[in-house]
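Visitor: Listed below, chain by chain, are the residues.
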Amino acid sequence: MMQMINDEIQKRNSDIATTIWFDSWRYEREKYSLMIPLLRTIILSLHEVINSTSIGNEKKATLLWVLV
Amino acid sequence: MGTGVNLGAEAGTSGGKVSAGLTLDFAKILNEFSSEGQVHVNQEKIYFHKHVSDYLRKELEGIKDKHRLVIFIDDLDRCTPEGALEILESIKTFFDIEGIIYVIGMDPSTIDSIIQVKYDKNPKISGLDYMQKIVQLPCPIPVWSGEDLRRTITEIVNETRLPKDITDKMLKQEIKDLIINSAKSNPRNIKRFVNSLVLSYSTSGKNIQDIYNENLRNYIIENYLKGMIAIQTFYFRGEKWLRFLKMINNYHERIDS
Chain A
1 MMQMINDEIQ
11 KRNSDIATTI
21 WFDSWRYERE
31 KYSLMIPLLR
41 TIILSLHEVI
51 NSTSIGNEKK
61 ATLLWVLV
Chain E
1001 MGTGVNLGAE
1011 AGTSGGKVSA
1021 GLTLDFAKIL
1031 NEFSSEGQVH
1041 VNQEKIYFHK
1051 HVSDYLRKEL
1061 EGIKDKHRLV
1071 IFIDDLDRCT
1081 PEGALEILES
1091 IKTFFDIEGI
1101 IYVIGMDPST
1111 IDSIIQVKYD
1121 KNPKISGLDY
1131 MQKIVQLPCP
1141 IPVWSGEDLR
1151 RTITEIVNET
1161 RLPKDITDKM
1171 LKQEIKDLII
1181 NSAKSNPRNI
1191 KRFVNSLVLS
1201 YSTSGKNIQD
1211 IYNENLRNYI
1221 IENYLKGMIA
1231 IQTFYFRGEK
1241 WLRFLKMINN
1251 YHERIDS
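Taken in sequence, the protein lines are chains A and E. If you count the first sequence from 1, position 48 lands on 48 in our numbering, and the numbers rise without skipping. If you count the second sequence from 1, position 186 lands on 1186 in our numbering, and the numbers rise without skipping.
Simulated from the structure, these hints should not be mistaken for laboratory data. Wrong hints could be hidden among the right ones.
[To be verified] With a straight-line Cα cutoff of 25 Å, these simulated DMTMM-like cross-link-like pairs (lysine to aspartate or glutamate) come out:
(1) E:1191 to A:7
(2) E:1066 to A:15
(3) E:1191 to A:23
(4) E:1092 to A:23
(5) E:1118 to A:28
(6) E:1092 to A:28
(7) E:1058 to A:48
(8) E:1124 to E:1112
(9) A:11 to E:1098
(10) E:1118 to E:1074
Take the sequences, apply the hints, and build the full model.
Guide: Quick look at the structure:
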């Protein structure tokens, strides 16, 4: 069902929404915290969104600063 | 602001590097994110937002009117109760940010065990109460109807490479209903069950195909199928079932030789 919702959003609303899939069980053995891979996934996707939308270079630069 | 911190490295690893090539401890960074907004790495003081959620909030500020991040967190019930609770608590406390929508997939029957971890078996707090504070739109998955399950069996069986006369037998209404009852109407169990039947045919059922008399062959196939379902349902699960198949195989090989 989750996959169906994901497919539907990508099909109909890809211009206004970005979907991120996080299989929490894959990171079950993460040494410190499950939130770390989740945050990393979110930030990477946010980076892609900002790169693919018409946001100013200044914004991109701020994000890159965090990602470098 | 000082040196940048790498939160964007390959997902699933705990380490990271600053631009100067130094390795950072992400857990330590996150702790410090929530406290002082700075961290010391090899005697170098690095500044950043006070909490990583502040950073996300700020970055989303510019795009939230135009764009949404929809985050699917799947199989949360397969994590340990501690891990699942950590994700739920973090979403509720820090990452409830405008512009981010979370879709959480989990078996509601596991919520109570998660809550027990937090509230130390306090009977006054139920898992459902807790989830109602976090989830704005619960969406229970509807129970599959018998017709849906029968259609699923047809699809799975048709994908197998078994001979047509055998799949035709497997697709008989009474056999399908037997499978549905045996698998307790659970689609995942049904798939496992059918795969297991296919495996049994591919191994111990091979001799049936050599029987010349078609009537006898059909009789054996049908009863063999029912027998296999009955045996698997009542006596064998998981490894026991595989051991049983191996035993039958060995038996056939001894008879053949």
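Visitor: Now look at each hint and say whether the structure bears it out.
Guide: Hint check results:
no.	hint	verdict
1	E:1191 to A:7	23 Å, holds
2	E:1066 to A:15	9 Å, holds
3	E:1191 to A:23	22 Å, holds
4	E:1092 to A:23	19 Å, holds
5	E:1118 to A:28	18 Å, holds
6	E:1092 to A:28	20 Å, holds
7	E:1058 to A:48	16 Å, holds
8	E:1124 to E:1112	12 Å, holds
9	A:11 to E:1098	23 Å, holds
10	E:1118 to E:1074	21 Å, holds
In summary, this structure violates none of the numbered hints.
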